[in-house]
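**Student:** Quick mapping for you: the protein sequence lines, in order, are chains A and B. Every letter in the first sequence is one number past the one before it in my numbering, and letter 37, counting from 1, is 37. Every letter in the second sequence is one number past the one before it in my numbering, and letter 151, counting from 1, is 151.
For the record, the hints were derived by calculation from the structure and aren't laboratory data. These numbers were taken from a predicted model, which means no experiment stands behind them. Mixed in with the good hints there might be a few duds.
Far from chain A, some chain B residues (derived; all Cβ distances over 10 Å) [said to hold, decoys possible]: (1) R82; (2) S199; (3) D231; (4) G238; (5) E239; (6) I241; (7) V267; (8) A324; (9) R327; (10) H363; (11) A587; (12) D647; (13) A656; (14) M659.
Taking lysine-lysine pairs in the DSSO-like style, the calculated list, with each CA pair at most 30 Å apart, reads [claimed, not checked]: (15) A:K142 x B:K559; (16) B:K630 x A:K142; (17) B:K559 x B:K591.
One side only, chain A facing chain B, incomplete, derived with CB under 8 Å [to be verified]: (18) D28; (19) L30; (20) S60; (21) P62; (22) G76; (23) I91; (24) E93; (25) C101; (26) I128; (27) R133; (28) G135; (29) Y137; (30) V138; (31) K142; (32) R146.
Every residue, glycine too, gets a C-beta built ideally from N, C-alpha and C.
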Amino acid sequence: MRINFTLNGESRTLETDGDQPLLWVLRDELDLKGTKFGCGRAACGACTVHVDGDAVRSCSFPARYLEGRVVTTLEGLGTPEAPHPVQQAWIEEIVPQCGYCQPGFIMATAALLAKNASPTDDDIDRNIVNVCRCGTYVRMRKAIHRAAELTRAAAPAEPADADAGAVPGAAYPAPAAEAAHE
Amino acid sequence: MSDATADRAPDAKPAKRKLSRRGFILRSLAGGTGVMLGVGYLGRNSIRREIYALMDTVEPSYLGDASDPTMWFEITEDERIRLFSPKVEMGQGSFTSFAQMAADELEVELDRVEVVHAATATGVVDGMSTGGSLSVAGLWMPLRTLAATLRATLVAEAARTAPLINSGAAPDSIEAVVNGVVSYAQSGVSKTYGELAASLSARGAWELAETPPLKPISDCRFIGKPIPRVDLQAKVFGEPIFGMDASAEGMLHGSIVRSERIGATLVSADTSAAEGMPGVVKVVREDDFVGVVAETRMQAEAAKRAITAEWRTERDWESADIEAMIRVGEGTPMVIQREGDAKGALEGGDVVRAEFTSPIGAHAQLEPNGALAHVEERGATVTMSTQVPGVTRDEVAERLGLEPEAVNLVPTYLGGGFGRRLHTPNAIQAAILSRAAGKPVKCFFTRKEEFQHDTFRPPTHHIMQARLASDGRIQAMKHEFSSGDVAYGSAILPDAMNQVLGTDVGAFRGGFIQYGRIPHHEAVSWHVKLPFATSWWRSLGLLANTFAIESFMDELAEKAGQDPVAFRLAHLADDPAGQRLKRVIEAAVDKAGYRDEARAGRAMGFACSTDGGTPAAAVVDLSMVDGQPKVHDVFLAMDPGFAVNPDQVRAQCEGAVCMGISASLYERMEVRGGSLRPVIYGPYRMALLRDAPRRVEVELIDGTGEPGPVGEPPLGPLGAALANAIYRLTGERRRSLPLV
C-alpha cells in the first residue's frame, strides 16, 4: 500500500506492505539503522521512536497506521554538531556500554521530557521502562535529570503540568502473559 | 589422564612468552588459555601442575600470530593512527583503554587514534576469545610494546633520513616527538609519522627498531585517566556499528526452523507451503536444519512458520528433572581445594550445614545472535557480533570445505556479549543459506529463539558445612557444589585440557574458600551434563558460588556472635591475596558506614569475593516494600590491580551491580513440557531502571600497578550481600536464587 507520512521533518511517500512493522520499514527499507530490534514484541523498548510525539515501540507498529503521522527516529533527534539535550546529557554522563539499547532509551527519554521537563525519580521509573542488559541504569538516571536541566535551560519557563508525568505510549505494559507472545 | 596428555606436558613448558625484540611474534600455543585458575589442591598434581605452568607461560588471554606492526597499526593519509584490535568491544570499554595505551606509547593525542575491529583476513587473528575480563589485562604488555616499537621504528627512520646541517657535514639530531611529528634540532625541519611510514615503505621491508623501555605510568598522559569512551558518539547518534546493522548489496534475509523442545533432532520437514510464499527465494534443507531465504525478514519469518517440521525428542524435560540432576552427589566429583583435613574435622555432631541453589540464567543480551554471510565461489565473508572471531572463522571454513584463510570474519561491535557469543553456529547457518541462495544473506534469531536456544548459565546446588571452635573461629569448612557445563565443550578450551583438569574451570570460579586462616577447608566441584547447552555467563560460577559461601559466612558469624565483617577479617590469611581482599573489605565498609543491624526499615548486607585475582566487596542497603526488596544504595570496592581507565572500570562496576541485582533478585529460566521458558522480556523478569539503586558508589584501589580482570569480579558479592541484607531486615534466610 501507499503511505504518506513525515519522517524526521521530511514528507515521505512509501510503497510497502501495510503489515510490515515500522521498525523494518525504517531499518531495511529506509536504511535508518539507529532504531534497533530487540524482541519484536514491544517488551524491551530498543526500537522506540516518536510517532506524533509519543514514544512508540516500532516493532509492533504496522506501517498501515503511519498515514499522515509524524515520525522521529534517533537520526532525526540530533547530530554531533547539534545534539538533542538528551544526547548531550548521555555524552556528559558517559552512559553507553555496549550501546545497543541506548537509542531506545534516548528516544523514550526525549518523549518524556517533551511533556514533562522536570520529571521526578518516580516519573522516570514509571515512564522509562526499557531493558538495558549492561546495567547502565545508574548513569542513565543522572543523564535523564541532566537532560531535563538542559531542556529547561533551553526553553522559556512554563508552569509544570501536573499530569504530564504519564506519557501515552511510553510505558507499554510489560506483557502480562507469555502466552500472548507465542 | 591419558599418556598422550602427559607426553605433551614437557612441550608445554616453554620459557615465559615475552615479546621478543622483533616484538610482534606471539605464536599460537596449542591449548593455551587465559582462564586464571586458583592455586591450591589442583596444583599439587604433577600433570595438572604442568597445565598450570603452560597457562602461566601465556600472556593472559591473548594468542595471536602477527609478526608485522602494520597488522596492528595503520597510519592513514590524514595522519591518524588506526589500531586493529584482535579483541572485540562489547561494552566493556576496552577500545578506549587500547586507544589510551597506544596514544601514550606512540606520542600522539588521543583523538588521533582510531580503534577498529581486526577482520581475520587482514588483521591479527586472536586464537582465543574476548572474555574472562581479560582484554585490557591481556594486551597491557603486548599493545604498549607494539606501539613503543612502532614509535622507535619511525623515529629511527627520521634519524636515518635526517637533513644534513653544518654545510652538509653532519646529520641533524632529533629534538622532539610531539603528536606524531618528529622535529629536528637545528634545521627547523620536521616529519610526520605518515611521511616516515611512507619513507619506510618505499624502502621495502620495514626494519623494526629495538623495543624501547615502556613509559612509566607517571609519565603517561592517558593511561590511568578517566577518558570518555571513544565510541560515545557512534552509540549516542545511532551509527550502524552492530552485527545486526550490517548490510550488503543484494542482501536477502534468512530464517532457520528451530524446535521449541530441548534435545530435538530434525526428522522431516514439509516445506511445500513455504516455497510458494511471497518473497521466498530458497528453501534450504541440510542434515541438521531447515532454513528459508526471502527478500525481507518478515517474509522469511512467515515462510518459516509455514514449514511443518517433525522433531524427535527423547523425553519431555521438566524443571524438577534438571533440579534432580544438579545435586551434590550426582555426576563426577573433583576436589579443587584442600587444606588440612576438613573431612575428619567435620565428623560428628555440631556441624553447621546449609544448602543453596541458583537457577538457569539467560544471557538476554539485547542484540540477538545472527550473521550476515556472503559465500562466493572462492571464499566467504561473514560480518557479525562474535566473541571468538578466529574460532567462528575456522568453524565456517570447515563446514564450507574452505581453507580458514578463504573466510574473512569481520567482527562488529557487539550489542552485548556476556558469554553469549562464544558459540556461533549461527554463522555457519547464515553461510549455508548464502551459499544456497547465491547472495548475501542476513539471518538473525527471533527473541523467542534467543531465549530457547541460549547457551544458559547452568543451575547450581551447594552444600556448605562448617564447624565452629569454642572461641567462635571456624575450625573447618567445606563447599560442595554441582553445576552443568561452563567451560566443558567450549570451542575455546580444548577438551584435552578439561580431561586433564578433571573439573570445569568455569563452574568453579568463585568456588574456592578464600579464608586461609580456616585450618581445615575443602571445595569439591560436581559436574553434570545437562540436556540443553550451558556455558559462560558473565562471571561464570562466581555469582552462585559466592552466594553460597558468603551467605553461609553470615550465618556462621551470627552463630559465633560476631560482627559479619570482623568475622571475615579474622579468617583472612596474611598473604598478598588476603591483604588485598582486606583492603577492599575495609574500603566498602567505610564508604557504606556498614552496621550489622536493621534501622528505620532498612538494613545492610555485606559480601566479598575474589575472581581472577581481583578482590571485590559490596555493601547493599535495602528495605522491603510490599514484601519485595527495594535496593537503595550499593557501595562497592574493588582492586583491579591498576585501572587503565578508572571511569570505565567504575562503569563496569555499576553495570555489574545492576546485572547482579537482576540475576539475584528476579531472573530464572524454567523447563516446562520439554521447553525452556519464558521466551520474552517481562516474563523473564529483569531489573529495570526502577529496580536499580539510586546510588552506587565505587571505590577503586590500585593494588598491583598492573591491570587485572575488571568486568566480572564485581558481580560476585551481589547475591550474597542482598540475601544477607534481607535476612538482617526480615529474619528470613533465603538460600535460593532468585531471592524474590
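**Student:** Starting from the hint list further up, note which numbers the structure goes against and sort them upward.
**Tutor:** The structure breaks hints 3, 4, 5, 6, 10, 12, 13, 14, 15, 19, 20, 21, 22, 24, 31 and 32; every other hint is satisfied.
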